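Use the sequences and the hints to build the structure in full.
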Amino acid sequence: IKALEDPSPLKRATAIDVLCSSGQAEPRATLRKLLSDPKPSVRLRAALALARVKDARAVSTLIVLLPEAPFKIARQAEEFLNELAGDQAPKVTLTEDQTSRVKVREAWAEWWIKTEAPGLLDELKKRTMTDAARNEVVELIKNLGSDIFKVRESAEKKLKDKGVLVVPLLKQAAKNDPDPEVRERAARCLVDIEKSQVGPLSPVIPRLVALRKPQGGAEALLNFLPFADDESLAQEVQNALNTVAYSDGKPDPVLIKALADKMPARRAAAAEALAQVADDKILPQVRNLLKDPSPFVRQQVALALARAQADKEVVPILINALGELTVEQAIPGEDFLTRLAGEEAPTGNFGSDQQSRKKRAEDWAAWWKTRGDRVDLVALRGGDRREPYYGYTLVISQNWNKIQEITKDGKSRWEITGLSSPSDAHVLANNRILILEANTRRISERNTRGDVLWSQTLNNIYWPTACQRLPNGNTFIVSSNKLIEINRTGAEVWSFNRPNGDIYMAKKMPDGQVVIVTSSAICLRIDKDGKQLKSWNIPYPSNYGIDILKNGNVLFPQQYNNRVYEHSDTGQQVWTATVTRPQAVKRLNNGNTLIASYSPYEIKEIDRSGKEVWKVTLPIQATRVYRR
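Just so we're aligned, residue 37 is where the sequence shown starts under the working numbering, counting upward by one.
A few of these clues could be false.
[Said to hold, decoys possible] For lysine-lysine, the following DSS-like pairs were computed, each having C-alpha atoms within a straight-line distance of at most 25 Å:
{"no.": "1", "residue 1": "Lys544", "residue 2": "Lys231"}
{"no.": "2", "residue 1": "Lys395", "residue 2": "Lys586"}
{"no.": "3", "residue 1": "Lys211", "residue 2": "Lys193"}
{"no.": "4", "residue 1": "Lys162", "residue 2": "Lys193"}
Everything labelled a hint here was simulated from the structure, so no lab data went into it. As the structure is a prediction and not an experimental result, all values here were calculated from the model.
Here it is, written out as structure tokens:
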């Protein structure tokens, strides 16, 4: 705290970074003084630090900095604002022209003022069902499989009429219901609803609730959370709930009451939010849920206490819960333990059957028994687990031996040239670029200047087409004849051979299974031992620019047919859109689809109805595209 008044600007800036890093950022009044620091660099650091702990005044400071600060500092402020506003960001870009910079500030100031409107919670409320309404929808979905045709038709019509409110439950039915008739009709309802009505909740809404802290915000977030049908959106809502859980040091009574809610998702969400503060009266109530009958709740509460309070005693409870959870439910716990263990993590993957899940939990228990006393939970304490959104598009141009990242107006932020037929690339969390080069069969990490920071040569593969950085730090690589997983030393820790060389695309799923798309339009799902679990057919994809989604669906282009398709793992078409000469596709977190086209060279973003919401023209062809 003393360093906040140090003569050195660097020390002042560093001090506020450290004081805000825990997520508490107190004493707040003292910290806010740096928002008026005479040095623009200190004001920027203070504003960024306070904005990350959801201080609304910090956002106003960032907006003021846009025309006043040196250009490089102003660009950093703009980047954070773009991350915050996401798809609602003003369609302006900062330049070095002073008049233009003033206009950018005015555009952002207008956007920020509008976020104070009283209707901020309305978007949450209109997507939240009462228990009675939810029970009605569950019954309607059940009736989609009725033996009576009129009942099926009536249920389908009523579900479509209910609109966006029923989308989460329809998605569950379309994916998991054992009745194929229910799955088919639920998928049909989804297509019609998403074409004619508003899309999913924008992740910007919970971010703004966290900043603006409107009255009733905690209750609205908590009620909506079970209806967040996307894990990234659910995390946004949870992060916001964590922020508004306490006011003036007192917990929101709604959250305390929710610790006994009959819905597990709400019990878990309330417990995580309340665990953020070391309140001796509240934490015992939170810890009571470590004995909850739901393993999902036990996992989430253990994770919350481990992250927020660095409580090592909850780790065995977390490990035990893993053995009872489904693969998708166990991902947060598995990821946390993998980060905790680093290179000492048990080998193997989290299997889909009960026996392998139990074995995985036993492996983690054995690791904790021998390594637990040396583990430092403080290093993983706190933090907003939302993946930052910048609105930048990564463009891979394989035929031009180049990759680049562009802003929303198509301007290049950085580019790496002189590559050897780059077939895939990803921006990693540490701003390193993972690049796969086909001609030299090399995987490397580079900085944005192109300097090689790590690389491995790939042997015994013919034509590498895609790469994937896994949560355990290993790298999964797709080639036409072989799939491999390598560690940091380049050693193969897993492989799958396909001697006929017909692999177009593949992705390793969280449960260790792999989904493969072949050039003969056959899709496969294999387990960690290479055993085929299922196969299905899709229309012929026209090239390698395929996206395998988290739910196992395959999104792919048909260039010759001017269409993109999404097919489920039963082979059923669940979505399609018309696009001129599509080359590559990528599904975005907001539910829209990013598409690179050939002739003309352009990238566009379309919503679920096929409406174009963004487009940029390029001088060269994009063979893959990603957005962050």
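Against the structure, the hints:
no.	hint	result
1	Lys544 - Lys231	violated (31 Å)
2	Lys395 - Lys586	holds (24 Å)
3	Lys211 - Lys193	holds (20 Å)
4	Lys162 - Lys193	holds (20 Å)
Of the numbered hints stated above, the single one contradicted by the structure is hint 1.
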